[in-house]
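Chains as they are written, first to last, in my numbering: chain A, 1 to 276; chain B, 1001 to 1265.
Read the hints as simulated data drawn from the structure, not as lab findings.
The beta-carbon is built from N, C-alpha and C at its ideal position, and this holds for glycine as well.
It cannot be assumed that every hint is accurate.
Stated by the list, open to error - No farther apart than 30 Å at their CA atoms in a straight line, the calculated lysine-lysine pairs in the DSS-like style are these:
hint	chain 1	residue 1	chain 2	residue 2
1	B	K1232	B	K1050
2	A	K218	B	K1232
3	A	K218	B	K1228
4	B	K1050	A	K218
5	A	K89	A	K188
6	B	K1002	A	K88
7	B	K1002	A	K87
8	A	K89	B	K1155
9	A	K188	A	K87
10	B	K1229	A	K188
11	A	K89	B	K1003
12	A	K88	B	K1003
13	B	K1155	A	K92
14	A	K218	B	K1229
15	B	K1002	B	K1232
16	B	K1232	A	K170
17	B	K1002	A	K92
18	B	K1003	A	K188
19	A	K170	B	K1003
20	A	K87	B	K1050
What the hints assert, rightly or not - Derived DEER-like restraints, expressed as beta-carbon distance ranges:
hint	chain 1	residue 1	chain 2	residue 2	range
21	A	L30	B	P1188	54 to 64 Å
22	B	P1188	A	F186	33 to 43 Å
23	A	G36	B	I1227	31 to 41 Å
24	B	M1159	A	G221	51 to 61 Å
25	B	A1244	A	G36	44 to 54 Å
26	A	R85	B	L1163	50 to 60 Å
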Amino acid sequence: MKRGILQRAAAAPHVVWSALFIIAPLIFVLYYTFTGQDGSFSLDNITRLGKGNYLMIFVNSLCMALIATVICFVIAYPAAYIFSRMKKKSQKLCILLIMLPLWMNFLITTYSWMTILEDTGVINTLLGLVGLGPVHMINTPGAVITGMVFCFLPYMILPIYSVMAGIDPKLLEAAADLGCSPVQIFMKVVWPLSVGGVISGVTMVFVPSVSTFYISQKLGGGTFQLIGDTIESYFTGTAVNYHFGAALSLILMVLILISMAVMNRFGDDEQGGALI
Amino acid sequence: MKKASRIYLVLLFGFLYAPLLVMILISFNGGESTAHMTGFSLRWYREMFKDAATLQAFKNTLTLSISAASASTVLGTLAAVGIDRMKSARLRSIILSVTNIPMMNPDIVTGISLMLLFVFAASLIGYSTVLSFWTLLIAHITFCLPYVILSVLPKLRQMDRSLPEAAMDLGCTPMQSFFRIELPFIGPGILTGFIMAFTLSFDDFVISNFTSGAGFETLTIHIFAMIKKSVKPDIYALSTLIFAAVLLLLLLYNLLGGREEDMAL
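For reference, chain B alone in the conformation it holds in the complex:
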C-alpha cells in the first residue's frame, strides 16, 4: 500500500513537472529550436536581458500587479469590515453574491463584459479607445476584490467582539481601537488577500487580453504576442527565471511561516 501510493505520487508530480522540466532544459539550448536540444549555452538568457520590450513588459507587470493588489487590498478590507458590521442580513448576502460574480464567471466573460463597458465609455466621450493602463488596473482590481474580501471576512468573524469594546472602555477612540486591536488581528487575512491578489494579477492573461490597450503591455500579453510570431527559447529563459524567483519566495514564505507557527506554540 505504501509503495503503491509512492508510485502514484511520483507519476502525479512527473505529470505536473514535465512541462516545467522541458521549459528549463530548453532555456539552456544552444540552438534556435524549442523542440530539440543542440548543446548547452546561456545565449538565450543574454538575449533576453538585451530585449528592451521584454524588460519593459516585466516592469509594467510589476507596476500593475503591485498597484492592483494594493488598491484591492485597501478597498477589500474596508468592504469586509463594512459587510461584517451590516445589520441587514439580506443586504449582506446581496452584496456578497455580487462580489462573487467575477470569481464564478469564466474569465473570458469578465474580460469581454469589461471591454464592452470601456468601448461604450470611449464612444461616450468621443475617444477612439480608452484601453490603457487605467482600464487594465480597473479590471485587475475588480477580479482581485472578491479574493481579498473572502480572506479578510472569516478573520473578522473569528474575532472576539468584546476586544474592541474593552479597548474603547479603556479610553481608546473608535479609530484607535480599529488600528490597534482589529487591524492586527485581521492582519494575516489581509496579507493572504494581498498575496492572492498579487499572484492573480501577475499571472492573468485572459482578462488582460481584452482590457489592455496598445500602449501598455504586460508580460503575459507580451508572451502571447511573441508566441504568435515565432517562439524562441528566450521566453523559456524568462519563465525559468520567474520559476526560480517563485520557488525562492515560496520557500522563504514557508520558512518564515513555519517560524511563526513555532512562536505561536
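Next comes chain A alone, as it looks inside the complex:
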C-alpha cells in the first residue's frame, strides 16, 4: 500500500524537528548543568543550589504561584458556572470578553497595573476622593499576586467553562427529582463532572505563575526575587552564567513535573471516588 507508507511518512519531518529542537535543547540543559565554566564535568552547580538563598527563592515562588492558583480557582469556578447557565448567545459574548485580554501584551497590562496600584495611582486617587487611604499596594507580594491572577485567570475560566457547558442539564434535573438538595447536586453531580476542567485550569495557571519573571520585577519592585527572575538574570543579566542558570532551570522543570504528577494523581482519586 503506497498510500499507507506515504501518509505514515508524513510525520517524519515533525519527528526530525522534535529531535533537533525539543530533545536536543533539553540535553543541553543537562549538559550545561553538569559542567563547569571550563567545560569539564562538575557537580558545583548542583551543590551551589544548596547555598545562598536559592532554597528560599524556590519556596517563595512556589507559595506565590500556589496562592495565585487558588485565587484564580475561587474566582473562576463560579464565573464558569454562571456562564454555562446563560443563553447560548450571551455565553459566546462572555467567553469572547474573557479571551480578549489574553490577546493584549502582558508587558503592557502589567505596566497598567503599576499605574493602578501606585501610591499616587488610580485606586489611591479614588480612595482619596472619598477621604480614605492612601493604601500602600505596589511592591508588595499582594501586587505581584494580583498581576499573576490577572494574567492567568482566563486560563482557569476557559477549561472549567468548557466542561461545565458540556454537563447535560437533564442530569441536574434527575438528581433533583431523586431528592438531592442543591448542595448534594453540586457535590455529587456538578463537581465530579467538572474536576477534569479544574485540573487543566490549575496546570495552566500554576506553571506560568511559578516561572514568571516580568510581573514580579515590575509589581514587586525588585524587593523579592522569584525563580524566573533568578534564571533570567543568569542568561541575560550582568552576571551571566549559563551553567548555573541551566541547573536552576532543571530544578524548576523537575519541580513542575512533580507538581503535575501529584495533581493528576489527585484528579484520578477524585474521579475514582465519584464513580463509586
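The hints should help you fit chain B onto chain A, whose structure is shown.
Okay, now just chain B, sitting in the frame of chain A:
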C-alpha cells in the same frame, strides 16, 4: 440569585478590563506621564507613527508570526496525518508526549534550552552568535507545533474512514482523495491551529527574549526595551491600536462563524 451573579460578573469584568481601560485612557494623555491625565490629545499616536523603530518592529512581528504560523501549520498538519495513521500505539504515544513538551514546560525553560542549543551551534561553526531571525523562527515553530497538531488530530479522529476509501473506489488517486476529501474535512481544525499559532507567536515575549539577536526586534522585545528605559504613553497608543484591531477581528470572526453555524443548521 440572578442579581448576585450579575454583580459577580460586573466585578470580574471590571478586574479584567481595568488595566485595558487605563491603557486606552492614558494613550490620549496630553502630558508625558503614564500615571496622570493632563488633557486630551492625539499627540502620542502621531509620535508613534513617526517612530521608525516601532513600525519596523511591528513589521518584523507580522513577518515572523505569519512565517511561523504557516510553517508550523504545514508541518503540524502533516504530522497529525502521520500520527493518525501510525500502526504502533506505543510509537504514537511517544511522539505525542515529546510533542507536548513545549506546551507543558514553562516558557522560560523552553527559551533557555533553545538558547543553549543555538549557543552551542554558534561555537561549533565558529561564529560569535547565530541568534537572528532564523533562530527566532525555529523557536516559534517549535512552540506552535503542538497546538496545531492538537487542533488537527481530533478532526482526523472524527472523520469517517470509509469516505476516503469510497473516493478511491470511485477512481480517485490517494493524493486526490487526500486533497478532495480529507483536507476539506479537517479544514476547520487546520484553521484553528493556524490562528492559535499566529496569536501565540505574535504575543510571545519570554521565548523570543532568549532566542532573538540584535538585528531583529519583534514588537514585544521592542516594548520590553522601551519599558526598561522610560515609559511614554506612545506604547499605550500602540497597544490601544492593537486592542482595537483584535476586537475588530474577533467580532468579525464571530459574525462569520455565526453565519457558518446558521448555514450548517
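Against the structure, the hints:
1. B:K1232 <-> B:K1050: Distance of about 14 Å is within 30 Å: holds.
2. A:K218 <-> B:K1232: 16 Å, holds
3. A:K218 <-> B:K1228: 10 Å, holds
4. B:K1050 <-> A:K218: Given pair B:K1050, A:K218 holds - Cα atoms ~28 Å apart, limit 30 Å.
5. A:K89 <-> A:K188: Roughly 29 Å between the alpha carbons, so the hint for A:K89 and A:K188 holds.
6. B:K1002 <-> A:K88: Distance of about 17 Å is within 30 Å: holds.
7. B:K1002 <-> A:K87: 13 Å, holds
8. A:K89 <-> B:K1155: 25 Å, holds
9. A:K188 <-> A:K87: It holds: about 25 Å lies between the C-alpha atoms, which stays within 30 Å.
10. B:K1229 <-> A:K188: 55 Å, violated
11. A:K89 <-> B:K1003: 19 Å, holds
12. A:K88 <-> B:K1003: 19 Å, holds
13. B:K1155 <-> A:K92: Roughly 22 Å separates the two Cα atoms, so the pair holds.
14. A:K218 <-> B:K1229: 13 Å, holds
15. B:K1002 <-> B:K1232: 43 Å, violated
16. B:K1232 <-> A:K170: 55 Å, violated
17. B:K1002 <-> A:K92: 19 Å, holds
18. B:K1003 <-> A:K188: 26 Å, holds
19. A:K170 <-> B:K1003: Measuring from Cα to Cα gives roughly 25 Å; hence the hint holds.
20. A:K87 <-> B:K1050: 46 Å, violated
21. A:L30 <-> B:P1188: 54 to 64 Å: 40 Å, violated
22. B:P1188 <-> A:F186: 33 to 43 Å: 35 Å, holds
23. A:G36 <-> B:I1227: 31 to 41 Å: 35 Å, holds
24. B:M1159 <-> A:G221: 51 to 61 Å: For B:M1159 and A:G221 the Cβ distance comes to about 54 Å; the hint holds.
25. B:A1244 <-> A:G36: 44 to 54 Å: Holds, since B:A1244 and A:G36 (Cβ atoms, about 52 Å apart) stay within the stated range.
26. A:R85 <-> B:L1163: 50 to 60 Å: 38 Å, violated
The structure is inconsistent with the numbered hints 10, 15, 16, 20, 21 and 26, although it conforms to all the rest.
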